[in-house]
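Protein chains in written order, with my numbering: chain A, 1 to 341; chain B, 1001 to 1341; chain C, 2001 to 2341; chain D, 3001 to 3341.
One or more hints might be untrue.
Taking lysine to any residue and the SDA-like style, the derived pairs with C-alpha atoms no more than 20 Å apart in a straight line are [said to hold, decoys possible]:
hint	chain 1	residue 1	chain 2	residue 2
1	B	K1313	D	N3129
2	B	K1313	D	T3123
3	B	K1313	D	R3119
4	C	K2313	A	T297
5	B	K1313	D	Y3120
6	B	K1313	D	F3124
7	D	K3313	B	R1119
8	D	K3313	B	A1336
9	A	K313	C	K2277
10	D	K3313	B	A1118
11	C	K2313	A	V284
12	B	K1313	D	K3313
13	C	K2161	C	H2107
14	C	K2277	C	L2340
15	C	K2313	C	T2330
16	D	K3313	B	R1160
17	A	K313	C	N2129
18	A	K313	C	D2127
19	C	K2313	A	E122
20	B	K1161	B	H1132
21	A	K313	C	L2340
22	B	K1313	D	A3118
23	B	K1313	B	Q1332
24	C	K2313	A	A118
25	A	K313	C	H2107
26	C	K2313	A	N129
27	B	K1280	B	L1255
28	B	K1313	D	E3122
29	B	K1280	B	Q1261
30	D	K3313	B	A1191
31	D	K3313	B	H1132
32	A	K313	A	V334
33	A	K313	A	T330
34	D	K3313	B	H1130
35	D	K3313	B	Y1125
36	C	K2313	C	N2129
37	A	K313	C	L2266
Derived from the structure by calculation, the hints contain no laboratory data. Computed from a prediction, not measured in an experiment: that's the story for all the values here.
4 protein chains.
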Amino acid sequence: MLDFSSDYTRLAHPRLLETLTGARGAQFLPYGTDAVSDAAKAHIRTICHAPNAGVHFLLGGTQTNQLAIDVLLRSFEGVIAADTGHVSAHEAGAIEHGGHKVLTIPHQRGKLTADTVARYCETFYADGNHTHMVFPGMVYLSQPTEYGTLYSRDELHALRKVCDRFSLRLYVDGARLAYALGAKENDVSLADLAAVCDAFYIGGTKCGALFGEALVVPDPAITPQLFTVIKQHGALLAKGAALGIQFDALFQDGLYLSIGQNAVALASQIRRALTEKGYKQPLVSETNQIFIELSDTRLLSLQQQVRVSFWEKADDSHTVVRIATDWATTQQDVDALLALF
Amino acid sequence: MLDFSSDYTRLAHPRLLETLTGARGAQFLPYGTDAVSDAAKAHIRTICHAPNAGVHFLLGGTQTNQLAIDVLLRSFEGVIAADTGHVSAHEAGAIEHGGHKVLTIPHQRGKLTADTVARYCETFYADGNHTHMVFPGMVYLSQPTEYGTLYSRDELHALRKVCDRFSLRLYVDGARLAYALGAKENDVSLADLAAVCDAFYIGGTKCGALFGEALVVPDPAITPQLFTVIKQHGALLAKGAALGIQFDALFQDGLYLSIGQNAVALASQIRRALTEKGYKQPLVSETNQIFIELSDTRLLSLQQQVRVSFWEKADDSHTVVRIATDWATTQQDVDALLALF
Amino acid sequence: MLDFSSDYTRLAHPRLLETLTGARGAQFLPYGTDAVSDAAKAHIRTICHAPNAGVHFLLGGTQTNQLAIDVLLRSFEGVIAADTGHVSAHEAGAIEHGGHKVLTIPHQRGKLTADTVARYCETFYADGNHTHMVFPGMVYLSQPTEYGTLYSRDELHALRKVCDRFSLRLYVDGARLAYALGAKENDVSLADLAAVCDAFYIGGTKCGALFGEALVVPDPAITPQLFTVIKQHGALLAKGAALGIQFDALFQDGLYLSIGQNAVALASQIRRALTEKGYKQPLVSETNQIFIELSDTRLLSLQQQVRVSFWEKADDSHTVVRIATDWATTQQDVDALLALF
Amino acid sequence: MLDFSSDYTRLAHPRLLETLTGARGAQFLPYGTDAVSDAAKAHIRTICHAPNAGVHFLLGGTQTNQLAIDVLLRSFEGVIAADTGHVSAHEAGAIEHGGHKVLTIPHQRGKLTADTVARYCETFYADGNHTHMVFPGMVYLSQPTEYGTLYSRDELHALRKVCDRFSLRLYVDGARLAYALGAKENDVSLADLAAVCDAFYIGGTKCGALFGEALVVPDPAITPQLFTVIKQHGALLAKGAALGIQFDALFQDGLYLSIGQNAVALASQIRRALTEKGYKQPLVSETNQIFIELSDTRLLSLQQQVRVSFWEKADDSHTVVRIATDWATTQQDVDALLALF
């Protein structure tokens, strides 16, 4: 059956699996201290124009968010996030498990604005009782957002300014970063992220890797002994080379970018076709996700032929569903999908 | 260069890498809810004679220990472990990070005895101030131990009795379990572990997998909502099938057992040869690890030709080193190694 | 200067200070194991019709909430609270510090309804992704609420029913419980609370004590080793008798009730008088708090003569302030206050 | 019955109870922001020659240790303590509850030496695997120690040097500090402690207060937003004035010092007398504690007439007990005690 339910249904991009298999005879130093991991990290530093950056390969998005938030916040601080942010709702309390409150604020199409953040902080510091409350300590964004939308470079710079004004760290969750980089509307490079963030991660799991995320900390002085903290969080992979090899391959020959571009191009095709066919798209994304509203009857019959994912109820008899393309989606898949509409 | 430094220097057993590569076209349900993971879990339940067991695939040893200890202990309890136990010293405080004290007690060749545990508990409850202290809540063992030694079935039953007497949970860290199962001296089967433990894990990472450990909870009623707890710990893999596929392969055609047997047989060969050559072996293991004492001068020259791992200083001019075989060690490797002595 | 800013501006009711002073020569067993503490606990059990209840004297409201939530929740659960609940906003993240998320839901005059809680839980369990989210594990109420309003016995029973339906614990924060018990509209006795709650606390600090809250757990089997947990939280007072003596005095000769009745009677007087004088009261309380809206100009001049407390901005030029009576408020104080209006 | 079991059997020094009672009519700003608390803090800063110090009144020793360790350590660090240290054994895991490991090292009569600490750190950093282990982050001492012994100024300076060498914070638990200050052998003043420590606390509970400890942080820049952290820990007293008033009284007219001197003088008298009578004193203290070994038979009969406290078993038929004097002990008490021997 066709499956457009998410961008993590397949194991990994064939080139990554081949590289892993090709290395089966080799012996590696443990815990990511091997030469391939070093090379992959060096490559990422170069692309990010961040020659001193700490680069740490971790295993998944929730783990990376939990760890980054834990090391960037002080104990009396919480993290500002959109109420739609992944850390707010869908990480089973991982952030609170680490002792921190998620301070949710309203969003626009999944995005925070510099103004909303500033207003939150102004109200906080104006409150005579604010020392009895959780201090805002960082801003959590995702690029692209959970709605598939993108921050522009200008928007990120405006957010950075607010962060500086209120001594907030800025962190970007790049679980689907390839699909941001591959979007035509995107004007934010990896180097831009490194320039503007205290930390961000380059998503592997949803962008072609078997698993793995690359946490980038442009100024590693702010995260002392991060290796040990990673171990303490149960997040250190004994065979770290398995991560290094994948990220090395993802950044060879522009693979990461091309993965993003192909998926986004196919998503745009679907989006246009569905628009032409008159389907209501309540959330318009610029990346690899398409959101359409269907009558429940229509959805039930569609589900006989393709897996899509439930997003939210639109009303009593209509549902918004998400269609996602990924690195493995082909033109044939898209044609087959569109034939159903 | 020859490398006998550990049992996790190579990525994974070729059969596992092939299976992963073979599945590159398939689409899987996420988070380990796929059919292959289900099959692998069912298989493990069968081998363990534990038809209702919860089986959960996790990513590494420290993560698994941290999680298991967290769910098995109540907040006012600590875990009894040998001072040489992995959780005591080499997990960067992962257990304390979860809020629990490690209650260390003396060991014999890496092993705890039922008597030592009983005495600890008797002393604890006899202390008039014990309600001001951390209650012993579980016993942590490793099979084989960090010294490569083995618990017998009788010893495990004796420990279980003490656990029952003092309401302790019993947990076994099986990071290297294949090498226990593959040892001639071993009389403890997976079914024995399931019968005697509240939880234990079957190690993948050090026994041929790219990564992964299978946590087995014979009576899953004691770990409600463990899926959510795993997510909360940042330990849930989006592409859970990557774990299911590996454990499915490890338990096909006796692969897991044969991995253990081969490594242990080669280790025994090395052990015998070094004994004949007169090398002092301060710790005698029954599994895949060999410990020998060398003069520092000798060690320095040896290190030009083979990687071994530092264990401890014997005296000012002598060092104990560890030699480890694994699933990938060949007779040629062993011959080449022995030629150096 | 007149001070109506809160109900904790004076040290303690004279009778409590006298009793403490009177006991200055005596020697007590430590940590609350003394005979006076035992007597006070026994008395509370009797009043609560809860002969087996665990009664634990703690030092303050945030500490008690933090501890109770910690022991009543499992690690994957959060606490449902009104977004105005003390635990939601004004405890500096104490609940998250303990690893738990506060799940805020809308309130009516500071109160939760059984319906709102039920709807929250229904939505939660209907969500296909709910195992990736924090489970609702308990309901936090305050009696009286932060708005000074009261739950009726019927409302509490309705909430209990919802709790039973969704396996939630029910906890009541009684920081100002004397002022609920002393209100004419109140129909909830201590015995009712013990019948309906898994735990609740009888507030001392805001009701005449120098400090101290009495946590009542009707079925102590649900909180094993609570003494040790209290110690672990840094919440165990060495001279526990200082708490026992105060609670003993508070429950002699109906002192606790009469403290509440006097304060509420005076508050009602103020409320009526201000209504007659035409002051807008945006929140109407039945207990010891009065909320009035003033122009900012009026407020500034008022503050020259009496301390009241800021509640919230009504609009750009108006402010809502809180006036609180307590056990020490006299008719003269009230007359002097009303003379200012 | 005579009671020499501890130094916290009586409520409080009469002068403190009188001052509290005297203030019963007054109204205070909450949370320790009142004028008396300010004055007490200013006084402590003066005595400590630490004009910028943060001074925070907390409620008990375990709470203060837990809080101080939490704010002074980074997440990957543990605290070095004597295995006899209060934080090691008798705080029910409060330190681990905060996420930190207690790194125990051997002691001499309850004291750590600069050498032992240095050796621990040297060994740690020499270990090739130390990044997989908990980093030493601070040294915890008690003055006087749990054995009643004292650090000299020279010893503290030597420890400070080691701390500087290994980037460790130095923290002193002064639960019984009055009895150190009041000892003839003592050459460490409050100003010395402020000069040498990153933080320390001046004990109230065991030195005449109803409850309360004064945490002193000579350079408050190292503990940002400590007020909020205190609230988050459930350690903020609403009626903070109750603490301020007591510490104000303790430091009026040399009360704190004289409390210590009297108790120590009486303890010395007891010690000398018991020595003359030939009692074995296995631990010799310079402060308010006396340790003697008794046959179990003798102890049983003694316990009919005086409460002393169990310290440890000496052998199968002998026990070491502790006798403690405090601010309330009189010459008559001592005479009555000695008449029993």
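Here is how each hint holds up against the structure:
1. B:K1313 with D:N3129: Between B:K1313 and D:N3129 the Cα gap is close to 14 Å, so the pair holds against 20 Å.
2. B:K1313 with D:T3123: 11 Å, holds
3. B:K1313 with D:R3119: Between B:K1313 and D:R3119 the Cα gap is close to 15 Å, so the pair holds against 20 Å.
4. C:K2313 with A:T297: Since the Cα atoms of C:K2313 and A:T297 sit roughly 49 Å apart, the hinted pair is violated (cutoff 20 Å).
5. B:K1313 with D:Y3120: Holds, at roughly 16 Å.
6. B:K1313 with D:F3124: Measuring from Cα to Cα gives roughly 14 Å; hence the hint holds.
7. D:K3313 with B:R1119: Holds, at about 15 Å.
8. D:K3313 with B:A1336: 58 Å, violated
9. A:K313 with C:K2277: Given pair A:K313, C:K2277 is violated - Cα atoms ~50 Å apart, limit 20 Å.
10. D:K3313 with B:A1118: 19 Å, holds
11. C:K2313 with A:V284: 37 Å, violated
12. B:K1313 with D:K3313: 36 Å, violated
13. C:K2161 with C:H2107: Holds, at about 18 Å.
14. C:K2277 with C:L2340: This hinted pair holds, its Cα atoms lying about 11 Å apart.
15. C:K2313 with C:T2330: The given pair, whose Cα atoms are some 29 Å apart, is violated under the 20 Å limit.
16. D:K3313 with B:R1160: This hinted pair is violated, its Cα atoms lying about 30 Å apart.
17. A:K313 with C:N2129: 14 Å, holds
18. A:K313 with C:D2127: Roughly 11 Å separates the two Cα atoms, so the pair holds.
19. C:K2313 with A:E122: 14 Å, holds
20. B:K1161 with B:H1132: Answer violated: B:K1161 to B:H1132 is near 26 Å, above 20 Å.
21. A:K313 with C:L2340: Cα-Cα ~55 Å, so violated.
22. B:K1313 with D:A3118: The hint holds at about 19 Å.
23. B:K1313 with B:Q1332: This hinted pair is violated, its Cα atoms lying about 30 Å apart.
24. C:K2313 with A:A118: 19 Å, holds
25. A:K313 with C:H2107: The given pair, whose Cα atoms are some 24 Å apart, is violated under the 20 Å limit.
26. C:K2313 with A:N129: 14 Å, holds
27. B:K1280 with B:L1255: Given that 20 Å is the threshold and the Cα spacing comes to 34 Å, the pair is violated.
28. B:K1313 with D:E3122: This hinted pair holds, its Cα atoms lying about 15 Å apart.
29. B:K1280 with B:Q1261: 25 Å, violated
30. D:K3313 with B:A1191: 44 Å, violated
31. D:K3313 with B:H1132: 19 Å, holds
32. A:K313 with A:V334: 25 Å, violated
33. A:K313 with A:T330: Between A:K313 and A:T330 the Cα gap is close to 29 Å, so the pair fails against 20 Å, i.e. violated.
34. D:K3313 with B:H1130: 15 Å, holds
35. D:K3313 with B:Y1125: 15 Å, holds
36. C:K2313 with C:N2129: 39 Å, violated
37. A:K313 with C:L2266: With a Cα-Cα distance of about 51 Å, the restraint between A:K313 and C:L2266 is violated, given a limit of 20 Å.
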